[in-house]
Amino acid sequence: MDFMKIFASTLLVVFGLLVSNLSVFAVSYQYSDNGQLEYMQLDSDLAREYSYDKNGNLLQAKEHQTVYPGSLVRNGSFEDGKDEGGWTSWPGDSTVLLDNDSLRGDKSIKIVNKNKSYSNWGQTITGFIPGQTYLMEGWVKTDNVTALPNHGAFLYVSFKNAENNELAYKWIDPITGTNPWKRLGAAITVPEGTASIYISAMLYGASGTAWFDEIKINEVNPNLIFNGGFEKESGRDDNHWGSWSPETSNIKADNAGHTGANSLLLQNKDMAYTNWGQTIKDIKKGRYYLFEGWVKTENVDAPENYGAFLYYSIRDAAGKEVSNEWIQPQTGTRDWTRLSRIIKIPREAKEIYISTMLYGASGKAWFDDMKLIEMNDKGDLIQNGSFEWEYGIKEGGWWSWSTTDNISQSDLARDGKKSVKLQNPGQAYTNWGQTITDFKVGEKYTLEGWVKVENVQAPPLYGAFLYYNFKDANGKEIANEWVEPQVGSKDWTKISKDVIVPAGTKEIFVSTMLYGASGTAWFDSIKFYPASSR
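If you read the sequence shown in my numbering, its first letter stands for residue 409, the second for the next number, and so on.
Since the hints were made in silico from the structure, they are not lab data.
Just so you know, not all the hints are guaranteed correct.
Pairs of lysine-lysine residues, derived as PhoX-like cross-links and limited to a Cα-Cα distance of at most 25 Å, are as follows [unchecked claim]:
hint : residue 1 : residue 2
1    : 692       : 935
2    : 848       : 914
3    : 590       : 826
4    : 692       : 802
5    : 515       : 902
6    : 935       : 590
7    : 490       : 515
8    : 902       : 826
9    : 848       : 693
10   : 693       : 935
11   : 590       : 898
12   : 825       : 590
13   : 758       : 848
14   : 802       : 879
Using the sequences plus the hints, can you model the full thing?
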């Protein structure tokens, strides 16, 4: 019997048994025109394709993601075709093609506008949670894109209610010109009342060509502020929010929302002290949180350092205040303005009280889109490992035991828009690291990151690398390792190491290093997370 037919039958039996028992993947096979056997194994999130010659020798093996775990976007890699997953365009003359110029895998979509026109390729999404925050991201490559002001190639998201009325929308990072693959991304919070989300790749008000690939929407750490958009219940929401002000009739929901239908309005006819806040207990000690909100003011009159602002107070188990801050007091008449602060939760903290304030002031202040969100990825113990936080590379507790003259934030990024750059004019020992304390002794963790090097020269075993050491309660080192030193000039390279935290460890120091070396090294996406979460 022909070997290939025997082999094909065997494949069907073996993989058929696996499918019947596990129901997690399917297999298809076919003969190509030249007699090769080709088959595909499709997991829940990964396709593997293999081809064999007539003698059963493996000719090619490749794989690509078809569904990203947790992503709400269907076929965001376009490996299953241009239309699969419900992708379509608005009525019009959009020219959208499936193309093999891709970031990863084999496919992308290509949008071509000969003139400045409005083209898109999108899909409608369900399965989200109103009030939850998600990360929308994707990659775009452009060729000779010219556009109207603030137009170009970008990602678009629109939130609609049950009547299909738009509640809010966002254009994410429009770009023009000719660019290699660039990441576009933004955190999006689904407004209350949203029934569907429409997302799209756009070449809008623009001519030229744009390729899009790996479009995803994934849940990120949840917003700990309940009803931060003031859309639920009465809007003001007396069940979760409250005031220490003696008079609360000047606190109400209003339909002048920053996003969604409502906002919170604080109004003082004369100089007064009005607040509306809530207490949050679900916080993690030693971690960093982004506290933010939007404020709009009208005729706010106040002494210096008073006005309309955000406030937080961190308290211990006895209710004693550990720290507090008034965030960016606003006066006068201003349109919607974002207020924010990155907060580290101290070890003695038990709860945090957050509040909107019209304090020592008269006038009107509207507040909306209040958030308190843990800053790192779920399970990742590194803070600001992508170096994207708005206050720079020091945020998250990064520091150096070496000179900091050679350390800077860079726009040359592997993911996102920023990285950290270590540069030694001559042979030197430069590092940028942080201390971790929230681990479990005996558990296996993965340390990983990306490094790019340029003209790095170093003796053997030195160069650009990741470093960790374990210390006991007295600060004595238990163990350390230099992970995959890099030299020469190389594009972004992933380096990683699985480590088990030894007994007696009280803290772990993790660091980027350009050590015993000259040259330049960029580091990005540094993570330290439980290996079991992979």
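- Query: Has the given pair, residue 935 with residue 590, been kept, meaning a C-alpha gap of at most 25 Å?
  - Reply: holds, 21 Å
- Message: Holds or violated: residue 490 and residue 515, Cα atoms, limit 25 Å.
- Response: holds, 9 Å
- Query: Are the Cα atoms of residue 848 and residue 693 separated by 25 Å or less?
  - Reply: Holds, because 15 Å separates the two Cα atoms, which is no more than 25 Å.
- Query: Is it true that the CA of residue 515 sits at most 25 Å from the CA of residue 902?
  - Reply: holds, 23 Å
- For the pair we were handed, residue 692 and residue 802, check the Cα-Cα distance against 25 Å. Between residue 692 and residue 802 the Cα gap is close to 20 Å, so the pair holds against 25 Å.
- Item | Holds or violated: residue 758 to residue 848, with C-alpha atoms at most 25 Å apart | holds, 21 Å
- Message: Holds or violated: residue 693 and residue 935, Cα atoms, limit 25 Å.
- Response: Given pair residue 693, residue 935 holds - Cα atoms ~19 Å apart, limit 25 Å.
- Pair hint outcome, residue 825 versus residue 590 [Cα-Cα no greater than 25 Å]: holds, 9 Å
- Message: Please verify whether residue 590 and residue 898 have alpha carbons no more than 25 Å apart.
- Response: Roughly 19 Å between the alpha carbons, so the hint for residue 590 and residue 898 holds.
- Given the proposed pairing of residue 848 with residue 914, does the C-alpha separation stay at or below 25 Å? holds, 10 Å
- Message: Would the hint linking residue 590 and residue 826 be met if the CA-CA limit is 25 Å?
- Response: Holds, at roughly 12 Å.
- Message: Given the hinted pair residue 692 and residue 935, is their Cα-Cα distance within 25 Å?
- Response: holds, 18 Å
The earlier numbered hints are all upheld by this structure, with none contradicted.
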